[in-house]
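S.K.: Make the full structure from the sequences, and use the hints.
Residues per chain, in single letters:
Number of protein chains: 2
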Amino acid sequence: MSEEYFLGIDMGGTSIKIAIVNDAYQIIDTVSLPTDPKKEPQEVLQEIISAASKLAYYEKVNSIGMGIAGNLDFEHGVLIFSCNLPKWRNTPIKTTLEKISGKKVFVDNDGNTAAIGSYFLDAHQEANNLVCLTLGTGIGCGYIIDKKMYRGSRYIAGEIGHCTVILDGTPCGCGNKGCLEAYLGVKHISQYAVEYLAGHPSEIISRMSCGDPAKITPALLHKAAVENDEVAKDILNWTGRFLGVLLMSVINYIDPDTIVLCGGLSQAGKYILDPAYEHMRKSGFAQKLPNYNILISKYTSKLGVVGCAMLPSFSNGKQ
Amino acid sequence: MSEEYFLGIDMGGTSIKIAIVNDAYQIIDTVSLPTDPKKEPQEVLQEIISAASKLAYYEKVNSIGMGIAGNLDFEHGVLIFSCNLPKWRNTPIKTTLEKISGKKVFVDNDGNTAAIGSYFLDAHQEANNLVCLTLGTGIGCGYIIDKKMYRGSRYIAGEIGHCTVILDGTPCGCGNKGCLEAYLGVKHISQYAVEYLAGHPSEIISRMSCGDPAKITPALLHKAAVENDEVAKDILNWTGRFLGVLLMSVINYIDPDTIVLCGGLSQAGKYILDPAYEHMRKSGFAQKLPNYNILISKYTSKLGVVGCAMLPSFSNGKQ
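Going down the list, the protein sequences come from chains S and W.
Here the first sequence stands for residues 51 to 369, where the numbers follow my numbering.
Here the second sequence stands for residues 51 to 369, where the numbers follow my numbering.
Don't read these hints as lab results, they were simulated from the structure.
Errors might be hidden in some of the hints.
The list cannot tell twin chains apart, which means a pair is met if one copy fits it or any two copies do.
[Claimed, not checked] Derived SDA-like pairs: lysine to any residue, alpha-carbon spacing no greater than 25 Å straight-line: (1) K338 / S132; (2) K332 / Y205; (3) K338 / I130; (4) K197 / G367; (5) K137 / G334; (6) K348 / N72; (7) K338 / G120; (8) K237 / D218; (9) K137 / G62; (10) K320 / D218; (11) K227 / A336; (12) K338 / I206; (13) K198 / Q175; (14) K368 / N178; (15) K332 / T220; (16) K237 / L217; (17) K198 / N366; (18) K338 / Y205; (19) K110 / L83; (20) K338 / G219; (21) K110 / A74; (22) K227 / K338; (23) K332 / P136; (24) K197 / P362; (25) K227 / T267; (26) K237 / G314; (27) K368 / G202; (28) K197 / D307; (29) K227 / W288.
M.R.: This is the structure in structure tokens:
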């Protein structure tokens, strides 16, 4: 009985998932806190450790891994800037958490921790080169290359949501036009859906959303598509083409053996994968496609926190 | 005096450059043969070694490196398919050359050998993560990651010319629409130039091309821009924006410390780099740009063959 325990902290825009994970990558105990952007970082970090310390086996934990969206100084574990958390500027997360907990702490971008989670849970450590794409509000991306995390020279490798897919296209939140995120980001899909519905009304979507455009999310569109709603399928087809563009780029740039899709949009399953593959086949990828293991994560809700917990073994000795 | 010698063979669409390179990466002796796509591969490989064997220090060469455009089975040194060389299908280049020469042979994609050349010549081996972009008929790309060649899981990493930059845009030779190559490939730039000139005549370009549209190459446009021709500048500005899109993608995907540009278009220098940077700054890259060493190769004509010669040290033990 030499079981090891790891603490993972996955800090998202709406909630903070905290879990004790064992050396079989199973969640032993877990708790969630709401993300409150108005609170001071020091207070939030204190609350996280306070909640974590009540979890089973916390005292047996040697290391803590935390994932967070934003621009990180990886070597020092400092969050430089995060869109969701305006109070978190140049926040020394690593040293603060180490002080509070007395344990060794590792901090990384949540795109990378998701990749670690998918490597253990979805790919069973069998992938050599894995790309994990988190399809949510933004497009997160993490790489495992030769079984090691690749973060790039300035720790921004994989910030692919702002690659141009239609030069001079739809305005993106970043100030540019035609970024991938402006088509594949969840908010933009909802926006497109509302516009499309104006010309193509759907009773099913109208019923499901109670006539409230704010409720038209990819999850709702997926539900409507399952009920055979043609309008929902059209919208997801349109979205799926951009997923095809993304997958082609990932293959052309990185050529991984495994691509894992996670995040809200990934749950639309075949309704976005089928049009993505159709687009790729038209583009001459017909022969290449079977070479790639493209899968939708079965663990999208816990992949992040498990990846955070296992982060210490992917720090490349740099933190 | 323990100088070592390496033989490099850079097989392009129009010529085959052969050179003996010493261990200071200098070309000691060199010869070129015209590429004749009608000849049988066996005959061509025989002619290459016959020409190489007349070069100074050939007998001291232990290893041969060859670069060629096309789809390669890297592990076995077999050229599966090459657009320029229809007779070369499943050609076992490595074993054939080893039989003819009696020396150890390594074969790789010419995008990768160019990256090796730029790593030694332009980056003086100081880069950790280097991307070399060959801007010619196609867009070649090779990666040095952590000072090792990264080829991907199926040896196609870096085939980035067919990433989409304008979905449903200009038709590309590959059958898809809106690929990067359909805007940044040399032929497409010439085509765009001819169209643009129809509405914006230029006396300088007309004189330089002797009124022959086939002569309107990026090199000619560069010469016209140097003579302050506004129309040539407009065309190169348009091209430069796509270079900006490419550079942003390379940084977002790979985050290298060094990017080397080579190939015909790279010689347009500031006339394409300035608009590329302008586009990147507009897209929020203003702060990031100084972090990246982006340079135009000073060795564009010999980088390929030097990279081929030095290929053996970048085979990762896989050939």
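S.K.: Look at each hint and say if it fits the structure.
M.R.: We went through each hint and held it up to the structure:
Only between protomers do K338 and S132 lie at most 25 Å apart by alpha-carbon distance; the minimum there is 16 Å, versus 37 Å within a single protomer. For a Cα distance limit of 25 Å, the shortest separation of K332 from Y205 across copies, 22 Å, qualifies, whereas the shortest one inside one copy, 34 Å, does not. For a Cα distance limit of 25 Å, the shortest separation of K338 from I130 across copies, 14 Å, qualifies, whereas the shortest one inside one copy, 40 Å, does not. In this assembly of identical chains, K197 and G367 lie within 25 Å of each other by CA distance both inside one copy and across copies; the values are 14 Å within and 17 Å between.
Proximity of K137 and G334 under a CA criterion of 25 Å is satisfied inter-copy only: 21 Å between copies versus 47 Å inside one chain copy. Taking CA atoms no more than 25 Å apart as the test, K348 paired with N72 passes inside one copy only; the shortest distance there is 19 Å, against 54 Å between copies. Taking the closest pair of Cα atoms, K338 and G120 come within 25 Å of each other only across two copies (15 Å); inside a single copy the shortest separation is 34 Å, beyond that limit. For the homomeric pair K237 and D218, the shortest alpha-carbon distances inside one copy (19 Å) and between copies (23 Å) are both at most 25 Å.
Taking the shortest alpha-carbon separations for K137 and G62, only the intra-copy value of 15 Å comes in at or below 25 Å, while the best inter-copy value is 55 Å. In the homo-oligomer, the alpha carbons of K320 and D218 lie at most 25 Å apart only across protomers (23 Å), although the nearest pairing inside one protomer, at 30 Å, exceeds that limit. Proximity of K227 to A336 under the C-alpha cut-off of 25 Å is restricted to the inter-copy arrangement: shortest distance 16 Å between copies versus 30 Å within a copy. In this assembly of identical chains, the alpha carbons of K338 and I206 lie at most 25 Å apart only when taken from different copies (10 Å versus 28 Å within one copy).
Taking identical chains as interchangeable, the C-alpha atoms of K198 and Q175 lie at most 25 Å apart whether they share a chain (11 Å) or sit on different chains (23 Å). In the homo-oligomer, the alpha carbons of K368 and N178 lie at most 25 Å apart both inside one protomer (21 Å) and across protomers (15 Å), since each shortest distance falls under that limit. For a Cα distance limit of 25 Å, the shortest separation of K332 from T220 qualifies both inside one copy, at 24 Å, and across copies, at 15 Å. With identical chains, the CA atoms of K237 and L217 are at most 25 Å apart both within one copy (20 Å) and between copies (20 Å).
For a Cα distance limit of 25 Å, the shortest separation of K198 from N366 qualifies both inside one copy, at 7 Å, and across copies, at 16 Å. In this assembly of identical chains, the alpha carbons of K338 and Y205 lie at most 25 Å apart only when taken from different copies (12 Å versus 30 Å within one copy). In this assembly of identical chains, the alpha carbons of K110 and L83 lie at most 25 Å apart only when taken from the same copy (22 Å versus 69 Å across copies). Only between protomers do K338 and G219 lie at most 25 Å apart by alpha-carbon distance; the minimum there is 23 Å, versus 29 Å within a single protomer.
Taking the shortest Cα distances, K110 and A74 sit within 25 Å of each other inside one copy (15 Å), while across copies they are farther apart (55 Å). For the identical chains of this complex, K227 and K338 are inter-copy neighbours only, at 18 Å across copies versus 30 Å inside a copy, given an alpha-carbon limit of 25 Å. In this assembly of identical chains, K332 and P136 lie within 25 Å of each other by CA distance solely across copies; the values are 23 Å between and 43 Å within a copy. When the C-alpha separation of K197 and P362 is checked against a cutoff of 25 Å, the pair qualifies both within a copy, at 14 Å, and between copies, at 24 Å.
Proximity of K227 to T267 under the C-alpha cut-off of 25 Å is restricted to the intra-copy arrangement: shortest distance 23 Å within a copy versus 30 Å between copies. In this assembly of identical chains, K237 and G314 lie within 25 Å of each other by CA distance solely inside one copy; the values are 11 Å within and 42 Å between copies. For the homomeric pair K368 and G202, the shortest alpha-carbon distances inside one copy (12 Å) and between copies (24 Å) are both at most 25 Å. Taking identical chains as interchangeable, the C-alpha atoms of K197 and D307 lie at most 25 Å apart whether they share a chain (11 Å) or sit on different chains (22 Å).
With identical chains, the CA atoms of K227 and W288 are at most 25 Å apart both within one copy (18 Å) and between copies (16 Å).
Checked against the numbered hints above, the structure breaks none of them.
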